[in-house]
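Please construct the entire structure, taking both the sequences and the accompanying hints into account.
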Amino acid sequence: MILDSLILQTKLFISEDMDIQIQNIEVLDNSPDKLVLKTNTSMIGTGGKLNLMLIISFDESLMNYLVDLFMEGEAVEEDEKEEIYDSVSGETINTIIGLALPTFPNRGKGVSITPPIAIHDVTTMKKHKNAKILSANVETEFGSLSVSVIGSEDVVK
Amino acid sequence: MLKILIVDDSLIIRKKITKLIEKLGHEVLYAAKNGQEAMDSYISKSPDLVTMDITMPDMDGITAVKNIIRGDAAAKIIMVTSHGQEDMVIKSIQAGAVGYMLKPITEDKLATAIGEVYTQYAVSQDEEDLELLEEEI
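Chains as they are written, first to last, in the working numbering: chain H, 1 to 157; chain Z, 1 to 137.
Be careful, since some hints might not be right.
[Stated by the list, open to error] Straight-line alpha carbon distances no greater than 25 Å define the calculated DMTMM-like cross-link-like pairs of lysine to aspartate or glutamate that follow:
1) H/81 - Z/108
2) H/109 - H/74
3) Z/33 - H/68
4) Z/15 - H/16
5) Z/91 - Z/22
6) Z/19 - H/74
7) H/81 - H/68
8) Z/19 - H/17
9) Z/103 - Z/87
10) Z/15 - H/26
11) Z/33 - H/26
12) Z/33 - H/16
13) Z/103 - H/82
14) Z/103 - H/83
15) Z/33 - H/74
16) H/109 - Z/60
17) Z/19 - H/19
18) Z/33 - H/82
19) Z/76 - Z/108
20) H/11 - H/26
21) Z/23 - Z/58
These are computed hints drawn from the structure, not numbers from a lab.
If you want it as structure tokens, here you go:
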């Protein structure tokens, strides 16, 4: 199941690569009609044999901590701040999706992925018609993130 | 000391690779944001080595490799890739890239990749063992 793969790789990235303690993971029981986004969001689209939107959304405190880790303590210049934050969010989703891909149907063969897209000034994404949203919230010691899959009902399981 | 061109659309990756390259004692000539910039700066700056991201907007890394190699068949380009892009790595090598590194990029990975292309910078097993021993002590 695609969301399960994403949750696993998110756990591994956050806890092992970033050394951040995970406190709770909650999978939303029902497929919501809309996705409520946090402060910093990146999305990757998949194509080819699997058409999906994969979204990771971070709250401000976790995002600040991740940026600090990526920057290795170096200060973020104000004129680079937005780009740095988008970069960190993008690299994070890129890493997670890249590692999850071989666990997708048919081991991800024939599946292409887009570069990450940073989403700004959007608070919700609403599904249309037969689309389905699956989402999980990951609470860490420094804040939370949500990982979500949007696609057609027959693909998103 | 090698003169290196970095190509990546991610600012944080450009910064990281710059730091690592400088730590290894080499010079970063320029950090380009996409394939088109990579091509333009390759022509104007003649780097010894290029680190090239694969997925980028405007012009992707594979297209940039093809275009650079068309102009300079001896160009040394190392792809920088995430997991799940193995097919694209193969295409890059077929296009003329000489190697690849998997993200997250570390000093060791970079040193090894450079050493495989420019053998005078190869890290010998003895040096690695000595470093490990020094860390233990």
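Taking the hints in turn, this is what the structure says about them:
no.	hint	verdict
1	H/81 - Z/108	violated (28 Å)
2	H/109 - H/74	violated (39 Å)
3	Z/33 - H/68	holds (22 Å)
4	Z/15 - H/16	holds (23 Å)
5	Z/91 - Z/22	violated (29 Å)
6	Z/19 - H/74	holds (12 Å)
7	H/81 - H/68	holds (12 Å)
8	Z/19 - H/17	holds (19 Å)
9	Z/103 - Z/87	holds (16 Å)
10	Z/15 - H/26	violated (35 Å)
11	Z/33 - H/26	violated (37 Å)
12	Z/33 - H/16	violated (29 Å)
13	Z/103 - H/82	holds (22 Å)
14	Z/103 - H/83	holds (19 Å)
15	Z/33 - H/74	holds (21 Å)
16	H/109 - Z/60	holds (20 Å)
17	Z/19 - H/19	holds (22 Å)
18	Z/33 - H/82	holds (16 Å)
19	Z/76 - Z/108	holds (19 Å)
20	H/11 - H/26	holds (12 Å)
21	Z/23 - Z/58	violated (30 Å)
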